[in-house]
Amino acid sequence: MLKTEILEVISSSKPWGWVLEPDAKRILSLAGITVPTFTWAQTLEEALQFAEENEYPVVAKVVSPKVIHKTEVKGVVLGIDNKIALAETFHRLSSFDGARGILVEKPIQGIEMIIGAKIDFQFGPVILMGMGGTGVEIYKDTSLRMAPITPEDALSMLKGLKAHRLFEGYRGAEPINQEALVRMLMAFSRLIMALDESVSSIDLNPVFCSAESCVVGDARIMLPS
Amino acid sequence: MNFKHLFEPESMAVIGVSLHNNRHPANIVYRKNRLRYPVKVFAVNPKGGTIHGEPVYERPGDIPEKVDLAVIAVRADLVPDTLAQCISAGVGGAVIISGGFAEVGQTELQDQLVEMAREADFPFIGPNCLGLFSPGHVDTFFLPPERTVPPVPGNVALVSQSGGVLVDQMINFSKEGVGLSVGVSIGNKALVDEVALLKYLSADPNTDAIAFYLEGFKKNGGRAFVEAACHCQKPIVVLKSGKSPEGGRAVSSHTASLAGDYAVFSQVMAQFGVIEARTQFELVSFCESLSCYRDTINGKIGVITGSGGHGALTVDFCATHGLKVPLLSKELQSELKSRLSPSVQPIAGTSNPVDLTGSAVDDDFVAAADCLSQSPEVDCLVLLVLPYSPGTTSDLGARLSEVYHRVGKPMVAYVPSLQRYRMLIEGFELNHIPVSPAIEGAVLMASAMRRRSC
Chain A
1 MLKTEILEVI SSSKPWGWVL EPDAKRILSL AGITVPTFTW AQTLEEALQF
51 AEENEYPVVA KVVSPKVIHK TEVKGVVLGI DNKIALAETF HRLSSFDGAR
101 GILVEKPIQG IEMIIGAKID FQFGPVILMG MGGTGVEIYK DTSLRMAPIT
151 PEDALSMLKG LKAHRLFEGY RGAEPINQEA LVRMLMAFSR LIMALDESVS
201 SIDLNPVFCS AESCVVGDAR IMLPS
Chain B
226 MNFKHLFEPE SMAVIGVSLH NNRHPANIVY RKNRLRYPVK VFAVNPKGGT
276 IHGEPVYERP GDIPEKVDLA VIAVRADLVP DTLAQCISAG VGGAVIISGG
326 FAEVGQTELQ DQLVEMAREA DFPFIGPNCL GLFSPGHVDT FFLPPERTVP
376 PVPGNVALVS QSGGVLVDQM INFSKEGVGL SVGVSIGNKA LVDEVALLKY
426 LSADPNTDAI AFYLEGFKKN GGRAFVEAAC HCQKPIVVLK SGKSPEGGRA
476 VSSHTASLAG DYAVFSQVMA QFGVIEARTQ FELVSFCESL SCYRDTINGK
526 IGVITGSGGH GALTVDFCAT HGLKVPLLSK ELQSELKSRL SPSVQPIAGT
576 SNPVDLTGSA VDDDFVAAAD CLSQSPEVDC LVLLVLPYSP GTTSDLGARL
626 SEVYHRVGKP MVAYVPSLQR YRMLIEGFEL NHIPVSPAIE GAVLMASAMR
676 RRSC
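Chains as they are written, first to last, in this note's numbering: chain A, 1 to 225; chain B, 226 to 679.
Pulled out of the complex, with its shape left as it was, chain A reads as follows (with noise of 0.2 Å):
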């Protein structure tokens, strides 16, 4: 059973037909499923205060209905390490067509990955995942599963990617925390049987792996027309 909170935010979410980068990761840790910590700034107090309250440097991303694709328009500031930057990219971001507040969050490394889901005409919910970040169309390495999966699904997912061996810890690289991967497929897995004709698509788009942890560095949830 879906949360009433996450059926709230998708149907608030209609009138433009996807879900807005905040309300997706609100979406996303209601489903057990990491994101960085964030705020959804309204003000530019509130952008100081959670960059003083967690630290610099932060990450600012532009929230309007009108700006699907944020980095091709330059709606994501990466490394603000001062004061005077956030409010400078506060002001600027603010300024967008559509503009509602800015998303202000932590930081993350890892390895990018991209973790998907669409709702297939034929199989239903099908779940993705795959190299991921800016290249994600070039390198064309995924896995596809129909969901819900296994863990023992999860990981033959993992193993089926010609990158697999950049996770297994390549070149004296630490290996990527796998348990944690494998729990963030199941959740996602769990997330979209649940969703399922509520939404179209959905990018998690990078996920951040890394020897710690699997997080989600952007999230994109299409709805169906």
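In case anyone wonders, no lab produced these hints; they're calculated from the structure.
There's no promise every hint is true.
Said to hold, decoys possible - Pair by pair, the computed Cβ-Cβ distance ranges are: (1) 197(A) x 647(B): 55 to 65 Å; (2) 564(B) x 121(A): 56 to 66 Å; (3) 249(B) x 7(A): 57 to 67 Å; (4) 368(B) x 32(A): 53 to 63 Å; (5) 346(B) x 152(A): 31 to 41 Å; (6) 159(A) x 643(B): 36 to 46 Å; (7) 643(B) x 197(A): 49 to 59 Å; (8) 179(A) x 361(B): 52 to 62 Å; (9) 679(B) x 197(A): 19 to 29 Å; (10) 466(B) x 152(A): 50 to 60 Å; (11) 445(B) x 179(A): 28 to 38 Å.
These numbers were taken from a predicted model, which means no experiment stands behind them.
We put the beta carbon where it would ideally sit given N, CA and C, even for glycine.
With chain A held as given, fit chain B onto it using these hints.
Frame of chain A, contents of chain B only:
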């Protein structure tokens, strides 16, 4: 729904038989079943009369006996009424050959049939199909028998969305000696679809492997299919058309763009242990292998060959299809060597592939097959038998088969396809050892056994 009347009817009505056109599909079906099958056949046409001296009944209800199966070959707009007559006459099920339904946009007409049939719990195949080929029971294909080659009766079921592809596959089966338990052309699959047949065939004692030619599923039909596949103990092979991506559609989601229809199909089939054949050749190779072997292997292949080149090509194909050709242990190699004939011993390669060379005689092949079959170092043998090699005889197929029946390690063979090699090939095939006319085919046969369960 009870499919028994469809596949094993004792009596059938062919509805739409023409009184003056003997090439009419219904007439072909009427004639071939009358002459070649044990089923009792009755002709139906609203005009009545006689055909070949037999009565033509005006309605299925006029037939004096209980009818198990009706073959309906009348104009599309007359089908609903005909179906209603069959249902009220207590017929057991139908094959609707007639076209002119959903495939030409007449969805409502088709839905009308489904609704009537559901209500009456009345199974029908089609419309727009060839129907059923059930060896020894019935054949509703409207193809003159002299124009096709039916496969021998056997344990592989073929279900196809296309009648033409089904007939082609049946010809290929017949060419490669793969036996068929039943062939079904499901056409528009309005009522009985792949999922219903998968469930039926899972329980069919005459079927050990099930193959499908699929074009597409209806909404969530793929999910229902793999869920049914998961409960089926028998190996399932699918050949899918429509693999090219729907190009050019702008998608704002990476997942939607990366998870195209075919990518999803292919990986979900693998997830549920359904074997995907990418070509018709793969389909036949997989079916031939799975008709002989039920147990799965890990894929450690022992290759026995009379020619180095054949061995090398086999190793390449094995790598392509994810099979290993492990280096044999020193102990196994020396045991193997000691069992070869003195003239072959110094020139044979024993590391794997085991190259017995052009000097090998039958005994060398048998010794090598026996030796590898007894060893846990390999779990399947690929035998490359070249009948032009002077030391070997036509007995080799039967003799190598004996090794399998004695030791139980699966083996597949490559033998070039020439009429004069038939006795050698049949020595294998009649003893249930699959033979391919291509080296890659033999490797595909081995790879089919590596299927994982759901």
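Status of the hints after comparison with the structure:
no.: 1; hint: 197(A) x 647(B): 55 to 65 Å; result: 57 Å, holds
no.: 2; hint: 564(B) x 121(A): 56 to 66 Å; result: 58 Å, holds
no.: 3; hint: 249(B) x 7(A): 57 to 67 Å; result: 59 Å, holds
no.: 4; hint: 368(B) x 32(A): 53 to 63 Å; result: 59 Å, holds
no.: 5; hint: 346(B) x 152(A): 31 to 41 Å; result: 40 Å, holds
no.: 6; hint: 159(A) x 643(B): 36 to 46 Å; result: 44 Å, holds
no.: 7; hint: 643(B) x 197(A): 49 to 59 Å; result: 57 Å, holds
no.: 8; hint: 179(A) x 361(B): 52 to 62 Å; result: 56 Å, holds
no.: 9; hint: 679(B) x 197(A): 19 to 29 Å; result: 25 Å, holds
no.: 10; hint: 466(B) x 152(A): 50 to 60 Å; result: 31 Å, violated
no.: 11; hint: 445(B) x 179(A): 28 to 38 Å; result: 32 Å, holds
Consistency note: the structure conflicts with earlier hint 10 alone.
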